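J.: These protein sequences, in sequence, are chains A and B. Per this note's numbering, residue 1 is the first one in the first sequence, and the count goes up by one each step. Per this note's numbering, residue 298 is the first one in the second sequence, and the count goes up by one each step.
Please keep in mind that the hints were generated in silico from the structure rather than gathered at the bench. As the structure is a prediction and not an experimental result, all values here were calculated from the model. It is possible that part of the hints are untrue.
Said to hold, decoys possible - Calculated cross-link-like contacts (lysine to aspartate or glutamate; reagent style EDC-like; alpha-carbon spacing at most 20 Å): (1) B:Lys350 to A:Glu204; (2) B:Lys386 to A:Glu204; (3) A:Lys15 to B:Glu395; (4) B:Lys386 to A:Glu202; (5) A:Lys101 to A:Asp58; (6) B:Lys390 to A:Glu12; (7) A:Lys80 to A:Asp66; (8) B:Lys390 to A:Glu204; (9) A:Lys80 to A:Glu137.
Claimed, not checked - Pairwise CB distance ranges (calculated): (10) A:Leu3 to B:Ser454: 47 to 55 Å; (11) A:Arg292 to B:Ile500: 43 to 51 Å; (12) B:Lys355 to A:Asn171: 52 to 60 Å; (13) A:Leu3 to B:Arg514: 49 to 57 Å.
Quick reminder that beta carbons are idealized off the backbone N, C-alpha and C, glycines included.
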Amino acid sequence: MRLNTLRRHFRESFKSLGRNGWMTFASISAVTVTLLLVGVFLVIMLNIQHITKQIERDVEIRVHVDLSATEADKDALRAKLEALSGVEKVTYSSKDEELQKLIESFGEDGKSFRLFEQDNPLSDVFIVKAKDPLDTEKIAKQIEPLPSVGKVKYGKGQIEKLFAATKTIRNVGLALIVGLLFTAMFLISNTIKITIFARRREIEIMRLVGATNGFIRWPFFLEGLWLGVFGAVVPIAIVLSAYSYVFDLLYPKLKDTFFQLLPFYPFAWQLAAVLVLLGACIGIWGSMMSVRRFLKV
Amino acid sequence: MIEMQDVYKTYPNGVIALNGISVRIKQGEFVYVVGPSGAGKSTFIKMMYREEKPTSGKIMINGVNLANIKDSKVPLLRRNIGIVFQDFKLLPKLTVYENVAFALEVIEESPKNIRKRVMEVLDLVRLKHKARFYPDELSGGEQQRVSIARSIVNNPSIVIADEPTGNLDPDTSWEIMDIFERINDRGTTIVMATHNREIVNTIRKRVIAIERGKIARDEVKGEYGYEA
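Only chain B is shown next, with the shape it has when bound in the complex (with noise of 0.2 Å):
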């Protein structure tokens, strides 16, 4: 469960992110969040894993309040939530297999369990029979898989994607949607910052829209509401 209470952001070079935030996102929910760039949705986003802390408010995440903990808890708090980035973020030198495994090797998890685990999220991700390529030699929707993947290989209950289908072509981001119902169908709570119109349009969630650091709506089943 995640919740906002009047969160504002101001960043040292003065800029207003966020001005008064306050939402309530329960477990194995699914959101979108939309709306112009610069309005402070990556802001709004990068909040919950703690990569910015808010001026004042409060954030909670499964009980926990974000704006209190120390530097040195986050690493762990992180262990719980899964990441999706627009660029993949994955390593070159890496195989599929090795990428998602390097989740879970650096907290230190038993190589028995590694393999166990790296499999079943290929298999999820229908990649399997890709585990020993290299990303450069992935189309740029597998790569995306395998960066879920490694979101998803330490079962968190909440993944968090800043525009994962932003680098995709329309058939692709598809399949990418596809994953995400299928991990959200499994309990995880989703929070899916997005551009993608007909996505939003299609594929019917919640939608958050963040205009001028504010929150402009927050509808079940909502629409995108802007114009591509």
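Bound conformation, chain A alone (with noise of 0.2 Å):
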């Protein structure tokens, strides 16, 4: 394309949207208003998201051992374990070191432990990491039937319940977003429409001397995605804003627990690029439904 046409295509985009300016500015505030919960959402979801990581990432299996196994037995059974599809780490703990986490885990009322260090009734242990955090119930059910395994823990019950709870937010957060995206295509198709019904005598000529398709639809696409990336600016900033706002408030307050927000960098970058995406995605899908029935020959 030459230099001039595109030259031409941005002026006429922005002339456009000028002439339609209550429009424009509806359309705008349209995208300004689905972008912002849109990007709460995102921000909310991203976060849980992340929660939630650091906790799948914790859990593990305890695989206690059989007293009665001898050396090779738990070599044996180390090897199986090692074995089973979807394990990524298998690491042996001793009843010794057991006796001692369980010691400093109560801290100054541990000392009464001690009495045990010399008939310690704990079990050894496997500790079994599951690469996917979900297939951890499969896995357990696996290990429970191998020779010298006494008691399987894994925090039964508990897992399910958190992954189902975050699967809920997920697909509740997914099916908000998607709505809202819509409604604000649809307010932009409408805008176009009503810039293409003011200009229609023009595209009719533009058919009659020759004009390709290609040509009378750039100044639309170009509208739509002004649409889009203008309607994306305030979101951006109050989203952002408001998240660090929050992060400065909630960081102190979260640092020694599982639940950990995500740091603002390089996250605030993420979100804004998301969000630009995203209004021009709409702005641009919008434009481009309306001003396809007009080019039909």
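With the hints in hand, could you dock these two chains into one complex?
T.: In structure tokens, the structure reads:
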């Protein structure tokens, strides 16, 4: 394409935005509201995901070794555990180490457990980690029938609940986002339809004198793009400043817990990019939807 | 060269507009298309710039069959055909110059060529001095001259006019005819649908009369032949 042509398309697209001032304003507002809500949902969802990832990472299967097991039995068991599919890592913790951890975890009160050092009632333990935390239950079921295995513990019930909850949140959030995006697309598509209507004479003449459909489409393509991109500016500013405020507020309180928020950078850039991209996509899609009907030969 | 072979056109609502038309128009000819309203004149004209597709039959323009070409090739076809309408179809927010230049801009002609060509055709229709005027500052005849200038600015081999004098008073109509004759003198084919009996009977050219979707007459230096 010639540079002149491109310049013409840019000029035309901006002219049209100005000429249809109120519709432009309405469309940009629609995108703004949509992206604001989408932005808020994204921040919440990504943080929940971040937190569940951390919790999931801590999910492990504790395989208690049967007390009668010999060293050879233990080695055999270890080999079998490592051979299971989906297992990421197997660590061994002897009963003495287990007791030590128990004593430490109770702090001052733990001293009373010292008595057991002479005659340790605990079992040796293999700690098994799944590659995908969601496979934890399946792997635990496979371990139970193995020889020399006493008890298998993996926080049954709680994990399933956690996973189910995060899944629900994810799906609801996604459904809301998709719904909002569609609303904005249709609003933009309507705006462009009006601007096309105002210019249908021009389009008619363009077609009569032999302008290609691509040429006719360009200004509307750009117009949709601007509506979407301009609509993303305010949501980005609001969502990011709100997030930075909340982050600074909560960070000191959450420092020592599982609940770590996503750090501000590079999250801020990613979020801004996603919102601009979404704005551009709904803008372009909306405008292309309405131009199509006017270009049928 | 325009050639139609057994062209039929039935609209989706069942109206039969063309009922077997075969005709051949050589390069450089001047042809009037006459006939009562609703006889198929407009459809016949629209076939030539592929605003309408035939239901069956062949329409060859400069060796290309319009019945077969893809929609995406239509713009290229139209760059070789100038079209003039009864209602001028000018853009009110553009000046005379810009209206004519528009036809070249949208086919991505270079700015240097645009300026040269636009001034040439404005000279041909004798409107060079009004290049900066807006359409609503011009008379009907002048507006039609602008639209003729626009139709020939990319040097088409064919100009198709659908009742170009329909909205104009007799004196102005003669001016417009004078311009069409001059364009024709340069070797451009002209196909003009008209209801103007006086013009057809005075400036004698080939006359194709269409009645009920068929060619009723085709005469060299013919007459209008209908009561006004």
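J.: Would you check the hint for Lys390 (chain B) and Glu12 (chain A), treating anything up to 20 Å between C-alpha atoms as holding?
T.: holds (13 Å)
J.: For the pair supplied as a hint, Lys80 (chain A) and Asp66 (chain A), is the alpha-carbon distance within the 20 Å limit?
T.: holds (15 Å)
J.: Next pair to validate is Lys101 (chain A) with Asp58 (chain A); report whether the Cα-Cα distance is within 20 Å.
T.: Holds, at about 17 Å.
J.: Within 20 Å, alpha carbon to alpha carbon, are Lys15 (chain A) and Glu395 (chain B)?
T.: holds (16 Å)
J.: Lys80 (chain A) and Glu137 (chain A): Cα distance at most 20 Å?
T.: Answer holds: Lys80 (chain A) to Glu137 (chain A) is near 17 Å, not above 20 Å.
J.: Does the alpha-carbon distance linking Lys386 (chain B) and Glu204 (chain A) stay inside the 20 Å limit?
T.: Roughly 9 Å between the alpha carbons, so the hint for Lys386 (chain B) and Glu204 (chain A) holds.
J.: With 47 to 55 Å as the target window, see if Leu3 (chain A) and Ser454 (chain B) comply at their CB atoms.
T.: violated (30 Å)
J.: Check whether the Cα positions of Lys386 (chain B) and Glu202 (chain A) lie no farther apart than 20 Å.
T.: At roughly 9 Å apart (the allowed maximum being 20 Å), Glu202 (chain A) and Lys386 (chain B) satisfy the hint.
J.: Check whether the Cα positions of Lys390 (chain B) and Glu204 (chain A) lie no farther apart than 20 Å.
T.: holds (15 Å)
J.: Given the proposed pairing of Lys350 (chain B) with Glu204 (chain A), does the C-alpha separation stay at or below 20 Å?
T.: OK: Lys350 (chain B) and Glu204 (chain A) at ~18 Å, within 20 Å.
J.: So does Lys355 (chain B) sit 52 to 60 Å from Asn171 (chain A), Cβ to Cβ?
T.: With Cβ atoms ~59 Å apart, the hint holds.
J.: State, for the Cβ atoms of Arg292 (chain A) and Ile500 (chain B), whether the hinted interval 43 to 51 Å holds or is violated.
T.: Holds: the Cβ-Cβ distance is about 44 Å, inside 43 to 51 Å.
The structure fails hint 10 only (numbered hints given earlier).
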